[in-house]
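Put chains B and C on the given structure of chain A with help from the hints.
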Amino acid sequence: MAPNTETKNNFLEMTRIRKSFAGLTALQDVSLSVPKGEVVCIIGPSGCGKSTLLRTANWLTPADAGEVRLNGEIVGAMPDPRSKSMQARSLNALRARIGMVFQQFNVWPHLSVLENVVCPQMVVAKRGRDIAEKKALAALAIVGLDEKKTDWPDNLSGGQKQRLAIARVLAMDPVLMLLDEPTSALDPELVSGVLTVLKQLAEKGMTMIIVTHELGFARSVANRVVFMEEGQIIEEGSPDVILRTPSTKRLEVFLEKLNLTALKPKTNGASHRVMKSD
Amino acid sequence: MKFDLSYTLDALPRLLDGSLVTLKLALFGFAFSVVLATIVTVARTVSKSRIFDTIVAVYISFIRGTPLLVQIFLVYYVLPIIGLNIGAVTAGIVALTLNSAAFVIEILRGGLASVSKGQFEAGRSLGLSNVALWLKVILPQTFMASIPPLVNEFTQLLKSTALLSTITVVELMRVSQQIYSNNYHPVEVLAGAFAMYFLMCFTISRSASWLEATFEIKRA
Amino acid sequence: MSIDLSIFTSYAPQFFLGFWMTIRIVIGAIILGMPFGLVLALCQRSRFRLLRILAVSYIEIFRNTPFIIQVFIFFYVLPFYGLHLPATYVGTVALAAFGSAYFAEVIRGGINAVAKGQLESARATGMSDWEAMRYVVLPQTLPIILPAMTNQTLSLVKESAILSTITVGELTMAAITVQGETFRPFEAFIMIALMYWALNETIAIIMRRVERKVSNRSNSGRANGIARADPAVKDG
Numbered sequence: 001m002a003p004n005t006e007t008k009n010n011f012l013e014m015t016r017i018r019k020s021f022a023g024l025t026a027l028q029d030v031s032l033s034v035p036k037g038e039v040v041c042i043i044g045p046s047g048c049g050k051s052t053l054l055r056t057a058n059w060l061t062p063a064d065a066g067e068v069r070l071n072g073e074i075v076g077a078m079p080d081p082r083s084k085s086m087q088a089r090s091l092n093a094l095r096a097r098i099g100m101v102f103q104q105f106n107v108w109p110h111l112s113v114l115e116n117v118v119c120p121q122m123v124v125a126k127r128g129r130d131i132a133e134k135k136a137l138a139a140l141a142i143v144g145l146d147e148k149k150t151d152w153p154d155n156l157s158g159g160q161k162q163r164l165a166i167a168r169v170l171a172m173d174p175v176l177m178l179l180d181e182p183t184s185a186l187d188p189e190l191v192s193g194v195l196t197v198l199k200q201l202a203e204k205g206m207t208m209i210i211v212t213h214e215l216g217f218a219r220s221v222a223n224r225v226v227f228m229e230e231g232q233i234i235e236e237g238s239p240d241v242i243l244r245t246p247s248t249k250r251l252e253v254f255l256e257k258l259n260l261t262a263l264k265p266k267t268n269g270a271s272h273r274v275m276k277s278d
Numbered sequence: 001m002k003f004d005l006s007y008t009l010d011a012l013p014r015l016l017d018g019s020l021v022t023l024k025l026a027l028f029g030f031a032f033s034v035v036l037a038t039i040v041t042v043a044r045t046v047s048k049s050r051i052f053d054t055i056v057a058v059y060i061s062f063i064r065g066t067p068l069l070v071q072i073f074l075v076y077y078v079l080p081i082i083g084l085n086i087g088a089v090t091a092g093i094v095a096l097t098l099n100s101a102a103f104v105i106e107i108l109r110g111g112l113a114s115v116s117k118g119q120f121e122a123g124r125s126l127g128l129s130n131v132a133l134w135l136k137v138i139l140p141q142t143f144m145a146s147i148p149p150l151v152n153e154f155t156q157l158l159k160s161t162a163l164l165s166t167i168t169v170v171e172l173m174r175v176s177q178q179i180y181s182n183n184y185h186p187v188e189v190l191a192g193a194f195a196m197y198f199l200m201c202f203t204i205s206r207s208a209s210w211l212e213a214t215f216e217i218k219r220a
Numbered sequence: 001m002s003i004d005l006s007i008f009t010s011y012a013p014q015f016f017l018g019f020w021m022t023i024r025i026v027i028g029a030i031i032l033g034m035p036f037g038l039v040l041a042l043c044q045r046s047r048f049r050l051l052r053i054l055a056v057s058y059i060e061i062f063r064n065t066p067f068i069i070q071v072f073i074f075f076y077v078l079p080f081y082g083l084h085l086p087a088t089y090v091g092t093v094a095l096a097a098f099g100s101a102y103f104a105e106v107i108r109g110g111i112n113a114v115a116k117g118q119l120e121s122a123r124a125t126g127m128s129d130w131e132a133m134r135y136v137v138l139p140q141t142l143p144i145i146l147p148a149m150t151n152q153t154l155s156l157v158k159e160s161a162i163l164s165t166i167t168v169g170e171l172t173m174a175a176i177t178v179q180g181e182t183f184r185p186f187e188a189f190i191m192i193a194l195m196y197w198a199l200n201e202t203i204a205i206i207m208r209r210v211e212r213k214v215s216n217r218s219n220s221g222r223a224n225g226i227a228r229a230d231p232a233v234k235d236g
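Protein chains in written order, with the numbering used here: chain A, 1 to 278; chain B, 1 to 220; chain C, 1 to 236.
The shape of chain A in the complex, shown without the other chains:
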């Protein structure tokens, strides 16, 4: 088994994350390092722990063991040497710089489109209303929703809601974006709208971790694809290599299930590493 000896100076460091739910292990000693500017796509069958891993990155789901650091600062750790109030304050401050986009959008229906994007800026980033609105309009323009600024979330399509969620994240000037199956709840014809926005963000250099089923998107946007199964990272590497020539049987089976033909499995390539071999 190849040892994990990446430098510890990566932008996002997730070290030996372990998590169980009601006796079932969701994550087994998973480690993930993400350098600044990289786009990582996590793929895998349902129940493999990819969403859990993503939610541990901003400690929305606290891990049972392990630690997560953003630029050296602890986002969450178990055990945590700091005081409870220190932990809470630090976590909220870091979350303000990490943006999360959910599968179910989670836009706030009691606020207008503009207010959705203004609210966290004023409450968390403590910006004044003028600045907050200016940045909100800019973010809405990026995702193509500036026309809808006085509209209500319930009047938006699924794709528009997701783009609103992205705008809400962007207005906070995040240094890292976490996206949990951002297009899985969308009707097929609405998916491309969201993916276009995400691609633009990636091209502008945003550090992103995306849990997704959209392998075509992964191939065109990701710097790295991580394949997980049963709470562990099985394979990771550049999308071209890993998706066309999987080294492990398990990945091959997974890709076949998604109707992608894989070439003969073989180990090769410097940008390719196998975590667990079958």
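The hints are simulated quantities; they were obtained by calculation from the structure and are not laboratory data. You may find that some hints are simply not true.
Straight line, CA to CA, 25 Å or less: simulated DMTMM-like cross-link-like pairs of lysine to aspartate or glutamate [to be verified]:
{"hint": "1", "chain 1": "C", "residue 1": "Lys116", "chain 2": "A", "residue 2": "Asp64"}
{"hint": "2", "chain 1": "A", "residue 1": "Lys135", "chain 2": "C", "residue 2": "Glu131"}
{"hint": "3", "chain 1": "A", "residue 1": "Lys134", "chain 2": "C", "residue 2": "Glu131"}
{"hint": "4", "chain 1": "A", "residue 1": "Lys84", "chain 2": "C", "residue 2": "Asp129"}
{"hint": "5", "chain 1": "A", "residue 1": "Lys84", "chain 2": "C", "residue 2": "Glu131"}
{"hint": "6", "chain 1": "C", "residue 1": "Lys213", "chain 2": "A", "residue 2": "Asp151"}
{"hint": "7", "chain 1": "B", "residue 1": "Lys24", "chain 2": "C", "residue 2": "Glu60"}
{"hint": "8", "chain 1": "A", "residue 1": "Lys126", "chain 2": "C", "residue 2": "Glu131"}
{"hint": "9", "chain 1": "A", "residue 1": "Lys126", "chain 2": "C", "residue 2": "Asp129"}
Here are a few chain C residues that sit away from chain B, every Cβ distance over 12 Å (derived from the structure) [claimed, not checked]:
{"hint": "10", "residue": "Gln14"}
{"hint": "11", "residue": "Trp20"}
{"hint": "12", "residue": "Ile27"}
{"hint": "13", "residue": "Arg49"}
{"hint": "14", "residue": "Pro139"}
{"hint": "15", "residue": "Pro147"}
{"hint": "16", "residue": "Arg209"}
If the Cβ cut is set under 8 Å, some of the chain A residues that face chain C in the computed set are [stated by the list, open to error]:
{"hint": "17", "residue": "Asn58"}
{"hint": "18", "residue": "Leu60"}
{"hint": "19", "residue": "Asn92"}
{"hint": "20", "residue": "Ala93"}
{"hint": "21", "residue": "Arg95"}
{"hint": "22", "residue": "Ala96"}
{"hint": "23", "residue": "Met100"}
{"hint": "24", "residue": "Phe102"}
{"hint": "25", "residue": "Asn106"}
{"hint": "26", "residue": "Trp108"}
{"hint": "27", "residue": "His110"}
{"hint": "28", "residue": "Cys119"}
{"hint": "29", "residue": "Pro120"}
{"hint": "30", "residue": "Val123"}
{"hint": "31", "residue": "Val124"}
{"hint": "32", "residue": "Met172"}
All C-beta atoms in this analysis are idealised placements derived from N, C-alpha and C, irrespective of residue type, glycine included.
Just chains B and C now, with coordinates in the frame of chain A:
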């Protein structure tokens, strides 16, 4: 202020007697209430009389829209005028029954709604008489579906018995008042009664979940 | 038996004074009790175990004992702590304390009904628990809890009658006084029964209208045929 626990402990035996009266009142009231509510519910469902429905609706609206204390006073003070001299305890139970029945009717309505229509048809096609159909098939299911709200209603009734102290019924509340009007330590005595009410209600509502579990097993 | 309807007219001022007192007491109990109920509901979700235990204990104690005994305990206990309040204030405080336990349960139900994702997405932006509650979750509970809150208010109106036992001059006390003077309990108690009934029905009708307006606003455009057929809403 000094809270002298000895007054509480001294009062305990009489308070316990009072609790027993409270429980008896609650049980009688609940039993009558459930019987009355069941009769009304069955009658309502079987007869298609609009007038009957309206009468029941007005009755429920009145009970739910007016304070129980006022209902108790009405029964206690008014019945003798009509010529019915029935005494405080009976008047109290009558008032509690009439009050609780209104709520139980609504509870049973919900429970009945959850019994599938098919039960009626199956029973009838088996040749069951109306009486047998209701007694053996519909009502048991209605009640089983209504256990949590019925238990809640019973606790409500138990708490309501305390109001009968205002018409001289000697239950737990009135016993407390009698005791502290003699020893001038209302806080200690009331604390004892308070604890007893709490224990009774708390135990009953906790055993509700046990009851449900038991009936689940019976069905399986 | 004869019914003397003149009671309604000759004692009308007494009844209406009592009625007005009932209204003021209930309003006072709501002003004190609802915010405290919110505090209790939030404490139940606190990460501090002591707060959780205190909140749950308070709620269980006030919900598992009769209001009348709570009233008497407040009545006798407060003077010992130096608080010599007139009976009306004691009664209002007792009603507020009682009501807050039930309000807390209603609010708790409302919070649980708001989808978990709302709280999560708010926390994910960096909001603290309280900020997430205040700006995202609690505003969404309002239309949900309105019916139950109305029911609780109606219940408080009815429980206020019990304050007559500590001689608070509300509506039931007025009837007791009138029947003491006229020896006509039926007329007196029927009179106040009708007044309570009218008050509760009025509150219920007003609140039903408020509920409809509130749910219309929060449902604007939500999954009705018009919105779906709108071609402008087609793009991704």
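So, going through the hints one by one against the coordinates:
no. : hint                  : verdict
1   : Lys116/C <-> Asp64/A  : 21 Å, holds
2   : Lys135/A <-> Glu131/C : 21 Å, holds
3   : Lys134/A <-> Glu131/C : 23 Å, holds
4   : Lys84/A <-> Asp129/C  : 14 Å, holds
5   : Lys84/A <-> Glu131/C  : 18 Å, holds
6   : Lys213/C <-> Asp151/A : 19 Å, holds
7   : Lys24/B <-> Glu60/C   : 23 Å, holds
8   : Lys126/A <-> Glu131/C : 12 Å, holds
9   : Lys126/A <-> Asp129/C : 16 Å, holds
10  : Gln14                 : 16 Å, holds
11  : Trp20                 : 17 Å, holds
12  : Ile27                 : 17 Å, holds
13  : Arg49                 : 21 Å, holds
14  : Pro139                : 30 Å, holds
15  : Pro147                : 14 Å, holds
16  : Arg209                : 18 Å, holds
17  : Asn58                 : 6 Å, holds
18  : Leu60                 : 6 Å, holds
19  : Asn92                 : 5 Å, holds
20  : Ala93                 : 7 Å, holds
21  : Arg95                 : 4 Å, holds
22  : Ala96                 : 3 Å, holds
23  : Met100                : 4 Å, holds
24  : Phe102                : 6 Å, holds
25  : Asn106                : 4 Å, holds
26  : Trp108                : 5 Å, holds
27  : His110                : 5 Å, holds
28  : Cys119                : 6 Å, holds
29  : Pro120                : 4 Å, holds
30  : Val123                : 5 Å, holds
31  : Val124                : 4 Å, holds
32  : Met172                : 7 Å, holds
Of the numbered hints stated above, none is contradicted by the structure.
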